[in-house]
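Model the placement of chain B on the given structure of chain A, informed by the hints.
This is what each chain is made of:
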Amino acid sequence: MTLLTTASPHLHRAPSVRLIMGLVLLALVPGICVQVMFFGVGLIFQLLLAACSGLLCEAAALKLRHQPLTPTITDGSVLVTAALLALSMPPLAPWWLIMSAVAFAVLLGKHAYGGLGFNPFNPAMLGYAVLLVSFPKPMTTYLPANTVHPINLGWMQSAQAIFTGRLPEILTVDIVSAASPLAALKSGLSQRQTIDEILSQPIFGSLGGQGWQWVSTALLAGGLLLLALKIIRWQIPVGVLVGLSLCAWFMHQIDPGKHADVLFHLFSGATILCAFFIATDPVTAATSPRGRLLYGIGIGTLTYVIRDFGNYHDGVAFAVLLMNMAAPLIDKFTIPRKYGEAS
Amino acid sequence: MRVVHYQGLDIPNHKDQTRNIGISSIPASSQLVLPLNQHHDTLLIPCVIPGQRVLAGQAIAKPAHRLGASLHAPVSGLVRAIEPCATATSQKNTTPSIVLSNDTLAPSVTHSSTTPHWHSLSSITLCEQLASGGIVGLGGAVFPVATKLAAHTQHPINQLIINGVECEPYISCDDHLMQEHATEILQGTKIMMHACQTSSAIIAIEADKPEAIAAIGNRLHELNDNRIRVQVIPSTYPSGDEGQLIRHLTGQEIPHGKLPAHIGIIVSNVATVYASARWILHGEPLISRIVTVSGNGISKPGNYRVLLGTSMQDVLRHCGAVFKPGQRLIMGGAMMGHALDHTGYPVIKATNSLILADDQELNPVVVEQACIRCGECAEACPVHLLPQQLLSHARHGHKKALQQLGLYDCIECGNCDYVCPSHIRLVTHFRRAKQVT
Numbered sequence: 001m002t003l004l005t006t007a008s009p010h011l012h013r014a015p016s017v018r019l020i021m022g023l024v025l026l027a028l029v030p031g032i033c034v035q036v037m038f039f040g041v042g043l044i045f046q047l048l049l050a051a052c053s054g055l056l057c058e059a060a061a062l063k064l065r066h067q068p069l070t071p072t073i074t075d076g077s078v079l080v081t082a083a084l085l086a087l088s089m090p091p092l093a094p095w096w097l098i099m100s101a102v103a104f105a106v107l108l109g110k111h112a113y114g115g116l117g118f119n120p121f122n123p124a125m126l127g128y129a130v131l132l133v134s135f136p137k138p139m140t141t142y143l144p145a146n147t148v149h150p151i152n153l154g155w156m157q158s159a160q161a162i163f164t165g166r167l168p169e170i171l172t173v174d175i176v177s178a179a180s181p182l183a184a185l186k187s188g189l190s191q192r193q194t195i196d197e198i199l200s201q202p203i204f205g206s207l208g209g210q211g212w213q214w215v216s217t218a219l220l221a222g223g224l225l226l227l228a229l230k231i232i233r234w235q236i237p238v239g240v241l242v243g244l245s246l247c248a249w250f251m252h253q254i255d256p257g258k259h260a261d262v263l264f265h266l267f268s269g270a271t272i273l274c275a276f277f278i279a280t281d282p283v284t285a286a287t288s289p290r291g292r293l294l295y296g297i298g299i300g301t302l303t304y305v306i307r308d309f310g311n312y313h314d315g316v317a318f319a320v321l322l323m324n325m326a327a328p329l330i331d332k333f334t335i336p337r338k339y340g341e342a343s
Numbered sequence: 001m002r003v004v005h006y007q008g009l010d011i012p013n014h015k016d017q018t019r020n021i022g023i024s025s026i027p028a029s030s031q032l033v034l035p036l037n038q039h040h041d042t043l044l045i046p047c048v049i050p051g052q053r054v055l056a057g058q059a060i061a062k063p064a065h066r067l068g069a070s071l072h073a074p075v076s077g078l079v080r081a082i083e084p085c086a087t088a089t090s091q092k093n094t095t096p097s098i099v100l101s102n103d104t105l106a107p108s109v110t111h112s113s114t115t116p117h118w119h120s121l122s123s124i125t126l127c128e129q130l131a132s133g134g135i136v137g138l139g140g141a142v143f144p145v146a147t148k149l150a151a152h153t154q155h156p157i158n159q160l161i162i163n164g165v166e167c168e169p170y171i172s173c174d175d176h177l178m179q180e181h182a183t184e185i186l187q188g189t190k191i192m193m194h195a196c197q198t199s200s201a202i203i204a205i206e207a208d209k210p211e212a213i214a215a216i217g218n219r220l221h222e223l224n225d226n227r228i229r230v231q232v233i234p235s236t237y238p239s240g241d242e243g244q245l246i247r248h249l250t251g252q253e254i255p256h257g258k259l260p261a262h263i264g265i266i267v268s269n270v271a272t273v274y275a276s277a278r279w280i281l282h283g284e285p286l287i288s289r290i291v292t293v294s295g296n297g298i299s300k301p302g303n304y305r306v307l308l309g310t311s312m313q314d315v316l317r318h319c320g321a322v323f324k325p326g327q328r329l330i331m332g333g334a335m336m337g338h339a340l341d342h343t344g345y346p347v348i349k350a351t352n353s354l355i356l357a358d359d360q361e362l363n364p365v366v367v368e369q370a371c372i373r374c375g376e377c378a379e380a381c382p383v384h385l386l387p388q389q390l391l392s393h394a395r396h397g398h399k400k401a402l403q404q405l406g407l408y409d410c411i412e413c414g415n416c417d418y419v420c421p422s423h424i425r426l427v428t429h430f431r432r433a434k435q436v437t
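Residue numbers (the working numbering), protein chains in the order written: chain A, 1 to 343; chain B, 1 to 437.
Chain A on its own, in the form it takes in the complex (with noise of 0.2 Å):
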């Protein structure tokens, strides 16, 4: 008769990283299928290039590593790191564009640093920058929502686009260079045009862009389902949002011809896939409840700042890099009130 003799606490009910990240997986479907809707069906091609990829590397670093594969390889996050990574890349971005950025994620963010939970950075804005600073033309180079052009790339087309980087004779270059919302007001002030003129342009809706402000109310759909899941919390979503929202608010307040509101800063870019999905990244965030609001403020704060006085179009890549190298710090200076502890 033998009796086991493990540690307390000897009951457990927690639900599993693998669990975690199939939520947040779920929580991007609404995302997908809306800029599906409005994109084409390019962004399929890219999560299967991603997601393809991904493994293979999570295999390969794990092989290299002398790990075994499971339980890693089925912890689901380099699934989340590759839909991230689809999900900011063009649609129509070349095949090598998205692979390589995965395996730069993964291999060189996530592996290089002892794999999930020592990555210092968050593997998916590292692919994503150094493709950016790398590849700066196709990373950039968007089609406009179905509601402006009626196009309608198919599956075969879309793929002969992403495969082979020949794009169907209908499209001119005048729509393919048709540039993201973000792009376009950089571009409309560079040539001293007023706010008010730019958004009068056709790619632009009432909140954003055409078809990306209805991307955006997806992830934020989305979003709100992890946080009423207690998936993420509160801090890092609401100090992002926040951060944005009072830098956009005070420069709109100043000059309301040079700087966009604040709906439309919320609403273009990657601002809502960032709050929600990517700086709520637990293991490269800091960790105290104080310590995630000033993180997701200066992720929010940055955004702005590199998005109005910055080169880039958009700044949540470079913002959250920036913050994940200040969160050791903000741990180390928000450290909570223990218990019994003079306030």
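Keep in mind the hints are simulated off the structure, nothing from the lab.
One thing to keep in mind: the hints can contain errors.
[Claimed, not checked] Selected chain A positions facing chain B (in silico; Cβ < 8 Å): (1) Thr2; (2) Thr6; (3) Pro9; (4) His12; (5) Arg13; (6) Ser16; (7) Ile20; (8) Pro71; (9) Asp75; (10) Val283; (11) Asp331.
A quick note: this is a predicted structure, and the numbers were derived from the prediction, not measured.
Yeah, the Cβ is synthetic: ideal placement off N, Cα and C, and Gly gets one too.
Here is chain B on its own, set in the frame of chain A:
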């Protein structure tokens, strides 16, 4: 009052197996083993010698200081030996123990020294009287009650809290004690109030014990003593922890590194209060206690009055234990109890519960995955530590950082383990780190 947003965890309480079963007694074994390290402080000094005959209720070992607690013979019989034996609290080492054979002849307890006029005693004399009855904290910490109550000579006590919360899963011995012995618990409360010179007592009971709340409430109503009141506590874990209970009831926190007496509060378990009343009013020293025997390996679960020194083997046999491979025998609750390596240990004053269960009921230990710093552990921590940070410093042996982050404030309640999605055995890491640093 401090505003603290801490709610505790809603953990399945597993109390249904024993909740509706009244207290019954387990017959005395032919041999009892009484370890001399019962009381969480220095070893007791035996005052009998091998070969000596003793009567039930006779003191057989004395504390090193006058406010400790004595140890008494649970049965009449012969002192067989005073020899090292293995005990449940120190499974690796042996402890000097008094081995007593039961001659089953003498009366169960000698009613030697009742103290009906305890009101007229000085508080410190009453404390000494409780020490001589072997009364210790029966919630699990087994701290001598006299030492605790005598703190009133240095710090005036304005609030006595009687802890009937019993938040640990499985355990229902205090619940049944309150249901069946409300009178003695209220008598004991009054005795303790006199011993620590306070005029206010709160009996705290968790909301999931309506029968106990009613029993104490009814008796209190009959007693018509407005110095004592019942307060219902939300049933979350670990609401019965001393520090958590004080914060919930008074809004105060025990200052870092201090005892509750420093803020004028003493907390005592209901079973301790009951034992005090039995000793002062009926002359029955602490020679038995109520033990919850439960778990899916037990065919007759319930609350049993067990004589100290009874082998756990006998208790389990009486309760119809069915042994299978892969079971755990836990002394204490499922969150903080120790899993024992065999069944031969004697029941001691700290044995509030024995759980025999397998992985269908308890959670199996699975492979730890990497910490994803999700922070759930920090949300669940009742003392507001950052377990995820402590873990990484514990792994790297950063002593200074561990101290800054409050490693020694950890009460080992197990909440962090309970909520960890990576199945990390945080408390185990922290226990190890405490030993090293």
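Which hints from the list above does the structure break, by number from lowest to highest? none
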